[in-house]
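Based on the provided sequences and hints, a complete structural model is requested.
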Amino acid sequence: MEPLVALRGIAKSFPGVLANDRVDFDVYPGEVHALLGENGAGKTTLVKVLYGFHQADAGTIQFGGRVIQIRSPHDARRLGIGMVFQQFTLIPALTVVENVALFLPHLPAVLNHGVIAKRIEEESARYGLAVDPWAPVWRLSIGEQQKVEILKLLLARSRVLIFDEPTRVLVPHEIDGLFRVLANLREHEYAIVFITHKLPEVLVCADRITVLRRGVVAGTLMRAEATEQGLVGLMFGAALPEYDLRRREPIAESGGPLLELQQVDTGGDGVSLQGITVTIAPGEIVGVAGVILGLTPCIRGRKIIAGQDATRWPVDRIRRSGVAFIPEDPLRMLIVPRLSVLENMALADTRKYARHAGLTVDWSAARGDLEQSTRRLAQEMLPLAVPAGALSGGNVQRLSLIRELSTDPRLIIALYPTRGLDMRSATAARDLLLAKRDRGAGVLLISEDLGELFLLSDRLFVLYRGRIVGAARPEETTAQEIGRLMTGGGVAGG
Amino acid sequence: MASADARRFRPDSVRAALRVTGLFGLAFALFAVVLLAAGKDPIRAYGDILSSTLFSSYGFSEVVVKMIPLMLTALAVAIPARIWLINIGAEGQLFMGALFTTWGAAHFAALPAWALLPLVAALGFLGGGLWAAISGVMRAHGWVSETISTLLLNYVAIFIVSFFVFGPWKDLESANYPQTPEFPAAARLPMFFGTRVHLGLLIALVALTVYHLVLTRTRWGLEVRAIGGNIEAARRSGIAIGRYILVLMFVGGGLAGLAGMGEVSAIQGRLRPSLSPGFGYTGFLISWIAGGNTYGIVASALLMAVITAGGDVLQMAHRLPGSVVNILMALMLFVVLTRRRIP
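Protein sequences, first through last, are from chains A and B. According to my numbering, the residues represented by the first sequence are 528 to 1021, in order. According to my numbering, the residues represented by the second sequence are 49 to 391, in order.
Treat the hints loosely; a few may be bogus.
What the hints assert, rightly or not - Listed next, the stretches of chain B that the computed footprint assigns to chain A, with coverage defined by at least 3 CB atoms under 8 Å from CB atoms of chain A:
id	segment
1	165-173
2	203-210
To be verified - From the structure, some residues in chain B lie toward chain A, with a derived Cβ separation under 10 Å:
id	residue
3	Gly269
4	Glu271
5	Ala274
6	Gly276
7	Gly277
Stated by the list, open to error - Ranges of calculated distance between the beta carbons of each label pair, as one might list FRET restraints:
id	chain 1	residue 1	chain 2	residue 2	range
8	A	Gln835	B	Thr195	37 to 43 Å
9	A	Arg707	B	His189	40 to 46 Å
10	B	Tyr94	A	Glu898	42 to 48 Å
11	A	Asn639	B	Gly326	46 to 52 Å
12	A	Arg549	B	Gly73	54 to 60 Å
13	A	Pro841	B	Trp191	15 to 21 Å
14	A	Asn711	B	His189	45 to 51 Å
15	A	Asp856	B	Ser193	25 to 31 Å
16	A	Gly978	B	Ser193	24 to 30 Å
17	B	Thr69	A	Pro619	38 to 44 Å
18	B	Asn374	A	Pro619	54 to 60 Å
In case anyone wonders, no lab produced these hints; they're calculated from the structure. Virtual Cβ for every residue (Gly too), placed ideally from N, Cα, C.
Shown next, in the form of structure tokens:
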């Protein structure tokens, strides 16, 4: 049998990153093919090439045995390739019928809602996608919205369905429902691409598994040949030798902890934390391996910074107590794109740079701190007057590090601090975190790069779905063990 | 740093100015069609408007008189708009400023001018500021959108003024006219050059200058621009966003209150319900045309003042209803809105 879609030798690079390096990937009708890998392994890039979002630098795409060009998502949809994105693309004010109708090709001028509703109901019944066609989308749960996304593709006659981390937003029983839907679709000869970084899911629902590591196919396995251990090995590499060479000197545990979280629960969007208890002592780097750490208000539990109860402190007070924050998405959370590099620097602590009771701003002091911090990080000086939004992704990350580490913080919360940096910059940033640690600062390091976590951390926690599922010292555990916990291997039923 | 700002924004602002000029040409051309349809010669009508506003010294002085409240109400809109707050309530804030001013002028009538004038000015600012701060508080707590509350409070403010003017504060000597007694001389803002141009002009220009300097030079301006540029980053940098919502609404409302103070204290000399021909709404239009730019506010206020005065010209010389210029203003609004691209 021919594969329905075959990607051959796909290469795609972005400035500074080779996201896909000669990747081969195909999917047959009636097959669920899982694409597994860490964040940044190139999974999303690969399917975006398939969906026409990106144009590959090299390689070919075959559809039904013919070599074709997919220049846009429009082309992909015409061929019958559909994608369910992590962020849904529904319009909340419209009903299910209207949302589906919007997606259909060749929409007539006068809509016959009844006909569309009837088709929705037929497809729903066939694949177990029960949803009220007349309900406005804002009333639907996340799981139901995902069903609508799938229905859109089915009614538009897509034959290849790409799911980008579809389980990320679902609660456990919804995940089971999704897997039943996938099984039904497979029965009906749909070709399904399923992106995830959770191992148990792959072993439950995939027929074939391709593991990507740093843009390269680390292996393709049939479901029967795959084991958890083997997949972890493929995902993270067999060993991490280069990191083990660097040993940390033991840290004198002096004074009280810098940060204590006691039984903290959070609410809010996305994954919420449940019963988290963490302490960070001066001169200690605590690594948290896992997917999400919400920075939302505690709804239960206590947060203690340097011995003071900070549970209800506003951000300003927390920052002034010596906490620096390197966010996962600096352009959204730290940097004001329209302001210049120097202005963004001054925002780190406007009170510090204010002169004459705030009437003026001491730009030369801000520039001095920026230069000093830049030197400490062994970076090139960034252009001061350029709007920060015009910088490249790597430079935005640099600015974010330079700014946040300029204040000589006591406690550093660093999320993916080296993401987007080249080797030299990443090493300099890691060295600086270690140096800060040696001078008594505490660091909460959140990363999905296991190598980085093992290199830097004095202690490691693993978060999975908002709970701490493991804690260890790096020298007492292995990357495989942490990887298994990170991907839900330690929790029964995923 | 201000110079770096200027460097960065200049190409943009030149392009924006050209664009606005072109769009306004379009609005004038469309209004010319309306004038033609009414059987008037548009070239003569425009000529008359120009000669009786910009090219006569009395006419020009009256244009400046109208610019004073327009610049202040435009600032009342522009200041909260720096952090994307939509203040449609400059009209009501102007009325509350006038109300507070009138109260002060009546209560402290015995004070000399050097004490009374600053006092009533402060009261005017306070009246408008507090009125806007109501919406600010409700927005900062996330209760009610400031767009809705400022708009609705306009009607409340106008009714409150009517209540006092028709009721407790009514001047018994002016028969059936709904108006308060005349202000004492010490509460009248001085006028200059034998025209109605009054001290409010200086207040408005100072307010514009301070607005510009605070925004570009100060710590608070930097924080405001940070909130306007990326509210999430600002929050995570520890900037107190709720406080800025409140303060910017208060200051904006206060400036609209000063506009009201100028109208009652200099122009009218007493409080009347017909205090403002919609200065607050025209100010909103000006602020959006100018995109909050300081020079843009002055230029747009001039344009709107000329158009408002032009209504009188059309009424007297061409026997058209004066409100016909509202069509022109509506056309302006249309062309201004074309700047807002759908992403």
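Cross-check of the supplied hints:
Taking a C-beta to C-beta cut-off of 8 Å, the segment 165-173 of chain B contributes 0 residues in contact with chain A, too few for the three needed, and the coverage statement is violated. Only residues whose beta carbon comes within less than 8 Å of a beta carbon in chain A count, and the segment 203-210 of chain B has 0; fewer than three means the coverage is violated. Hint status for B:Gly269: holds, given a least beta-carbon distance of 8 Å to chain A, under 10 Å. For B:Glu271, the shortest C-beta to C-beta distance to chain A is roughly 6 Å, which falls under 10 Å, so the interface hint holds.
Here the hint on B:Ala274 is kept, as its CB sits about 5 Å from the closest CB of chain A, short of 10 Å. For the restraint placing B:Gly276 at the interface with chain A, the shortest Cβ-Cβ distance is roughly 8 Å, inside the 10 Å limit, so the hint holds. The beta carbon of B:Gly277 is positioned within 10 Å of a beta carbon in chain A (closest approach about 4 Å), and the interface hint is therefore held. The beta-carbon spacing between A:Gln835 and B:Thr195, approximately 40 Å, falls within the hinted interval of 37 to 43 Å.
The hinted range of 40 to 46 Å is satisfied by A:Arg707 and B:His189, whose Cβ atoms lie roughly 45 Å apart. Distance hint for B:Tyr94 and A:Glu898: a CB-CB separation of about 58 Å, inconsistent with the stated range 42 to 48 Å. Between A:Asn639 and B:Gly326 the Cβ separation comes to about 48 Å, which falls inside the hinted range of 46 to 52 Å. The beta-carbon spacing between A:Arg549 and B:Gly73, approximately 58 Å, falls within the hinted interval of 54 to 60 Å.
Roughly 20 Å separates the CB atoms of A:Pro841 and B:Trp191, a value that falls within the hinted 15 to 21 Å. In this structure the hint that A:Asn711 and B:His189 lie 45 to 51 Å apart at CB holds, the actual value being about 48 Å. For A:Asp856 and B:Ser193, the hinted distance range of 25 to 31 Å is satisfied, since their beta carbons lie about 27 Å from each other. Look at A:Gly978 against B:Ser193: about 48 Å separates their beta carbons, and that is not inside 24 to 30 Å.
As the Cβ distance of B:Thr69 to A:Pro619 is approximately 40 Å, the hint placing it in 38 to 44 Å holds. Distance hint for B:Asn374 and A:Pro619: a CB-CB separation of about 37 Å, inconsistent with the stated range 54 to 60 Å.
Of the numbered hints stated above, those contradicted by the structure are hints 1, 2, 10, 16, 18, listed in ascending order.
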